[in-house]
Amino acid sequence: MMAIPLSHLLVFSALLFLTGLYGALTRRNAVGILMSIEIMLNAVNVNFVAFAGMLNAPPELGQVFVIFIIVLAATTAAVGLAIVMAIYRNQKTIYTDEIDLLKW
Amino acid sequence: MTTFGPLAAISCYAALLGILTVAILTVTVRNLFHAAIFLAFTLLGVSIIYFFLRAEFLAGIQILLYVGAIMTLVIFAIMLTSRIGDPQVPQSNRQRIPVFILIAISAFFLIGAILKASWKTISTLQTTNAVELGKALMGEFVFPFEVISLVLLIALIGAIVVARSDP
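For the protein sequence lines, the chains are A and B, in the order given. Heads up: the first sequence begins at 28 in the numbering used here, then just goes up one per residue. Heads up: the second sequence begins at 219 in the numbering used here, then just goes up one per residue.
I should point out that these hints are in silico values taken from the structure, not numbers from a laboratory. Any given hint could be a false lead.
Covered, in the sense of this in silico footprint (three residues per stretch, anywhere, with C-beta under 8 Å from a C-beta of chain A), are these stretches of chain B [to be verified]:
id : region
1  : 223-232
2  : 241-251
3  : 261-268
4  : 280-292
5  : 336-349
6  : 365-372
Covered, in the sense of this in silico footprint (three residues per stretch, anywhere, with C-beta under 8 Å from a C-beta of chain A), are these stretches of chain B [said to hold, decoys possible]:
id : region
7  : 307-317
8  : 321-332
9  : 375-383
Where a beta carbon is used, it is the ideal one built from N, C-alpha and C, also for glycine.
Assemble the whole structure, with the sequences as input and the hints as a guide.
Shown next, in the form of structure tokens:
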């Protein structure tokens with residue numbers, strides 16, 4: 028007996044992923060883009076946990092990869108925010124359309 | 219295995235709707251600090267979904283790592299860099315309408331595909347615990363585990379090198 032069918036969870040995580048994608052494509056602030064990417068990674072994690080619980084496979088198989096994704100999200104946040112700091116120190120802005128040093 | 223009554227189903231759907239609402243607020247609200255607070259609530263809500271799916275260890279990790287560590291980093295970066303009090307600066311670029319159309323089309327096809335597919339689900343919810351996860355990490359997945367440890371170490375050293383002020 029499940030609390031909620033699998034397809035509803037998948038629809039939820041698809042909508043959460045698309046919400047994060049919208050933020051990543053429309054935010055001007057680099058920190059906002061990183062936050063949207065965290066939302067997208069979380070949607071993928073919900074998918075993994077739902078499949079691990081409800082499909083006929085060993086449940087560790089899905090949950091181990093959730094741990095890997097969480098670690099990768101932590102590295103993304105650390106490196107990304109360090110790059111944001113470095114850009115802010117050099118350019119005095121973190122709005123992505125104002126950082127045009129490599130364009131001409 | 220535990221069974222869920224109708225009350226659990228209702229609260230689960232309420233949690234799903236609440237998470238989606240807070241996530242939409244996160245990507246659309248103007249003040250970036252408010253967006254960070256909404257992001258914290260989104261991550262907390264995802265950990266509630268993990269509790270509903272009986273993945274308690276992952277829920278604990280989610281709260282510790284995301285809500286604890288990553289949110290601290292994000293709020294730190296916002297405080298250090300952005301001009302939050304300035305309402306004149308637009309917070310989104312000019313791609314809003316085309317991106318929204320793209321997202322709507324993707325959502326239509328994705329949800330259609332998900333609802334059409336026949337998932338071979340099993341009747342009872344499979345659960346695991348931290349002991350089983352640890353055995354899997356040290357046994358079957360030991361190579362990706364070592365690789366991910368190396369990636370984490372290098373990323374932390376790289377973050378310190380990139381973020382420090384020049385000597």
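Here is what the structure says about each hint:
| no. | hint | result |
| --- | --- | --- |
| 1 | 223-232 | holds (count 4) |
| 2 | 241-251 | holds (count 6) |
| 3 | 261-268 | holds (count 4) |
| 4 | 280-292 | holds (count 7) |
| 5 | 336-349 | holds (count 10) |
| 6 | 365-372 | holds (count 3) |
| 7 | 307-317 | holds (count 8) |
| 8 | 321-332 | holds (count 6) |
| 9 | 375-383 | holds (count 6) |
Hint check: no violations occur; every hint is consistent with the structure.
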